[in-house]
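*Asks:* Okay, here's what each chain looks like letter by letter:
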Amino acid sequence: MTTTQFLSLEWKQFRRSSFFKKGLAIKILMILAGLYFAAIAVFGGIGIFFIFKKAIPDQDPFLMINNYMVYWVLGDLALRYFMQQLPVMNIKPMLLLPVKRHAVIKFLLLKTSFSFFNILPLLFFIPLSIVLMVQGYGPLMVLIWFIGVLAISFSINFLNFILNKNSKAFYIVIALLASSIGLKYFGIFDITPHTGVLFYSFFELGYTILIPLFAVVLLFKMNYRLLRKNFYIDGAVKAKKEKFQNYNLEFLNRFGTLATFLKNDIKMITRNARPKQVLIMSFLFLFYGLIFYTQDTYKNMPAFLAFASIFVTGGFLITFGQLVPSWDSEYYKLMMSQNVSYKKYLESKWLLMALACVASFILSTPYIYFGWDIYAMIAAGASFNIGLNSFITLYGGALNRVPVELNQKAKAFSNTQGFNPTQLLISLPKILGPMLIFYVPYKLINFNAGIIALTLSGILGLIFKSYFLNFIEKTYQKTKYKTIAAFSEKK
Amino acid sequence: MESIIDVQNLSKSYNADKVLNIEDLSIPKGQSFGLVGNNGAGKTTFFSLLLDLILPSTGHIENRGIVVSQSEDWKPYTSSFIDESFLIGYLTAEEYFYFIGDLRNTSKAEVDELLAEFQDFFHGEILNQKKYLRDLSKGNQKKAGIVAALIGNPEVVILDEPFANLDPTTQIRLKKIIKELSAKKHVTVLVSSHDLMHVTDVCERIVVLDKGEVVKDIHTSEQTLKELELYFEQ
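Protein sequence lines correspond, in order, to chains A and B.
Counting in this note's numbering, the first sequence runs from 1 upward without gaps.
Counting in this note's numbering, the second sequence runs from 1001 upward without gaps.
Just so you know, the hints here were simulated from the structure itself, not pulled from any lab data.
All C-beta atoms in this analysis are idealised placements derived from N, C-alpha and C, irrespective of residue type, glycine included.
The reader is advised that the hints may include incorrect statements.
Said to hold, decoys possible - Cut-off 25 Å, straight-line C-alpha distance, at most; resulting in silico cross-link-like pairs (DSS-like, lysine-lysine):
#	chain 1	residue 1	chain 2	residue 2
1	A	LYS111	A	LYS229
2	A	LYS168	B	LYS1130
3	B	LYS1018	A	LYS480
4	B	LYS1131	A	LYS168
5	B	LYS1131	A	LYS276
6	B	LYS1018	A	LYS482
7	B	LYS1130	B	LYS1108
8	B	LYS1184	B	LYS1029
9	B	LYS1108	A	LYS344
10	B	LYS1176	B	LYS1226
11	B	LYS1018	B	LYS1216
Stated by the list, open to error - Just a sample of chain B residues kept apart from chain A, beta carbon distances all over 12 Å, derived:
#	residue
12	GLN1008
13	ASP1017
14	ASP1024
15	THR1058
16	LEU1114
17	GLU1222
Claimed, not checked - Which bits of chain B does chain A cover? Going by a derived footprint, with three or more residues having C-beta under 8 Å, they are:
#	segment
18	1048–1054
19	1084–1093
20	1097–1108
One chain only, chain A, in its complex shape:
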């Protein structure tokens, strides 16, 4: 098997992926989204130099950029850990064919070089390098610096695959990232100048780029050896077996008939990779408010604050809810042939979302630091989430017939199936609804009226809960066969 044959297989996999079976409108939207990210990277690359120059005029902006590079390294690593899949899952069919193992492994590893995560830094650093050259930094040394950065990007790429096998290492990275930002924020210790020295030395000295180059080669070799050693069906190809964990969930029995589903859902979330990812995501949503509440620009735009408040408590509700019933897609036929009442099923999902919302609200108590107004807004947002957003999200989920592979992490930007016009339309009331409900009374009367309106909207939703659930149930019944067919499609 030659590289061209490998490439042809890859090309077929790409051409025949579900992406190309989408409607034209979606394709255009996806391409626009891709271009958007690319444009952000390009303009970021061009702009960052001038931003630093303007922000701190008495310092060399390039020096500052180098200082901050450490955050890129750690942040990129964290992002990749979540989003970038190990490439090993496709090698099973190759094992029995007369292909040299080293050829497959080399191809696999090189293939990862073309991932989105490696292209994005290029889009950022190429414009930056050009700007540097134009600004009078020595072109040759800038080029060497660029190669050094590129080598680091690739090191991260390969390091990620090693870390992926070892979750402890990942938490160390996260802890490093959090503590270095924290220490800097509170002015105790700033790590950036120390690491900046290394990055700057690529430019200043040049020969130090041997360090990242050496790192790439080393990490590549390590990956190679790791894969080579595990190139058996009980090795890297095989999905990890998880240790059985059991918890006493009897306390949930107080929810009566809903407890059956509730207990099952909790097991589902804690024992599968994909819902665990959702859980971490929804935890991160708790911090969403920090982006808005800390900025003075938004102080006078309370509609945006209302928007942020929805996300503080609604992270789990939105990320989990939009995939109901897809979470049960792997065994949907069982659910459909068993004695399951749709209403109970839906109500249990709603309860889970509502409980998560309450938990998020409790965890959001530190936001009192930003003032009681903000906290009241978060409370009103939680009310809206529980009473209205939950039902809107569940309705959206009912229209979303994407099978979920529970124990498979979501791949970055490959989750395009969930992306369709109906989903887009459904997300509009989720985003604009609370803003409007808050803004109109706020504009007409005052801030408190806005808060009260938002809270009342949630309570109103709760009063009509039964009606909403019936409505969603009808949607389920109407689309039953379509959903079964979609869920049993092979991925």
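Starting from the known structure of chain A, arrange chain B on it as the hints suggest.
*Replies:* Just chain B now, kept in the frame of chain A:
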């Protein structure tokens, strides 16, 4: 004998392809009913229609007088195991059994009682394993799925290819279980299989499907296996 499953003018087409066409078929209560046929004969399609997982193009199936696509009232007394998509991969076997028990209004104690009867069948490989169903072997998954289909005293049990992937010992035990179900408990058992020997061993009646049509409807006797083998040799 009164019939429990009644099929009338049933057909299923995908575009112009007719994959199933059964004009009239009724299965009496308590019968062990075998469905055989080559790949693509329509066995799984028939079971899927029976479980209302797909809609028929024409006609309907009645399960104890209830048209399955119009009401869900047949679900409490009907259970099935078609394939692995009937298992919940992240549960242990026990958790799965109790979950099904909950859905079928069967208490934990009753489930335990039932499981105790199947100690033999499980061969010590299902219970107390501290393993999730997704990590069990195909054969053991099947065992768990089959036993789960017996929870809650169903009147109709539907098993698609129950013998495939099972080891010889378990196949023999399963045959005994199916025979007892129909003989002692008057449960109507519908089984499909590629294994002519097993199906003639177990079933009182065998229907052969070919390209969606019923081509043979045999009351099992000494000669049945020969007859079937002769038919499939062609």
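*Asks:* All hints, please: hold or fail.
*Replies:* Cross-check of the supplied hints:
1. For the hint pairing LYS111(A) with LYS229(A), the CA-to-CA distance comes to about 19 Å; that is within 25 Å, so the pair holds.
2. A threshold of 25 Å between alpha carbons decides the hint, and for LYS168(A) with LYS1130(B) the separation of about 24 Å falls inside it, so the pair holds.
3. This hinted pair checks out: LYS1018(B) and LYS480(A) have alpha carbons roughly 22 Å apart, not beyond 25 Å.
4. For the proposed pair LYS1131(B) and LYS168(A), the alpha carbon gap of about 23 Å is at most 25 Å, so the pair holds.
5. Of the pairs offered as hints, the one joining LYS1131(B) and LYS276(A) holds, with about 19 Å between alpha carbons and a cut-off of 25 Å not exceeded.
6. This hinted pair checks out: LYS1018(B) and LYS482(A) have alpha carbons roughly 19 Å apart, not beyond 25 Å.
7. As the CA atoms of LYS1130(B) and LYS1108(B) are separated by approximately 18 Å, the hinted pair is consistent with the 25 Å bound.
8. Taking the CA atoms of LYS1184(B) and LYS1029(B), the gap is about 12 Å. The hint holds against a cut of 25 Å.
9. With a C-alpha separation of about 20 Å, the suggested pair LYS1108(B) and LYS344(A) falls inside the 25 Å cut-off, and the hint holds.
10. With a C-alpha separation of about 22 Å, the suggested pair LYS1176(B) and LYS1226(B) falls inside the 25 Å cut-off, and the hint holds.
11. With a CA separation close to 19 Å, the supplied pair LYS1018(B) and LYS1216(B) stays within the 25 Å bound.
12. Distance check for GLN1008(B) against chain A: the nearest CB is about 20 Å away, which clears 12 Å, and the non-interface claim stands.
13. A cut-off of 12 Å between C-beta atoms confirms that ASP1017(B) is not in contact with chain A; the least separation is 15 Å.
14. The beta carbon of ASP1024(B) is kept farther than 12 Å from every beta carbon of chain A, the shortest such distance being approximately 24 Å.
15. Every CB of chain A is more than 12 Å from the CB of THR1058(B) (nearest about 16 Å), matching its label as outside the interface.
16. Distance check for LEU1114(B) against chain A: the nearest CB is about 16 Å away, which clears 12 Å, and the non-interface claim stands.
17. Residue placement check: GLU1222(B) keeps its beta carbon more than 12 Å from all beta carbons of chain A (closest about 36 Å).
18. Under the rule that three or more residues need a Cβ within less than 8 Å of chain A, the assignment of the segment 1048–1054 of chain B holds, with 4 such residues.
19. By the rule of at least three residues with a Cβ nearer than 8 Å to a Cβ of chain A, the coverage given for the segment 1084–1093 of chain B holds, with 8 such residues.
20. Counting residues of the segment 1097–1108 of chain B whose CB lies closer than 8 Å to any CB of chain A gives 6, which reaches the minimum of 3, so the coverage claim holds.
Hint compliance for this structure: every hint is met.
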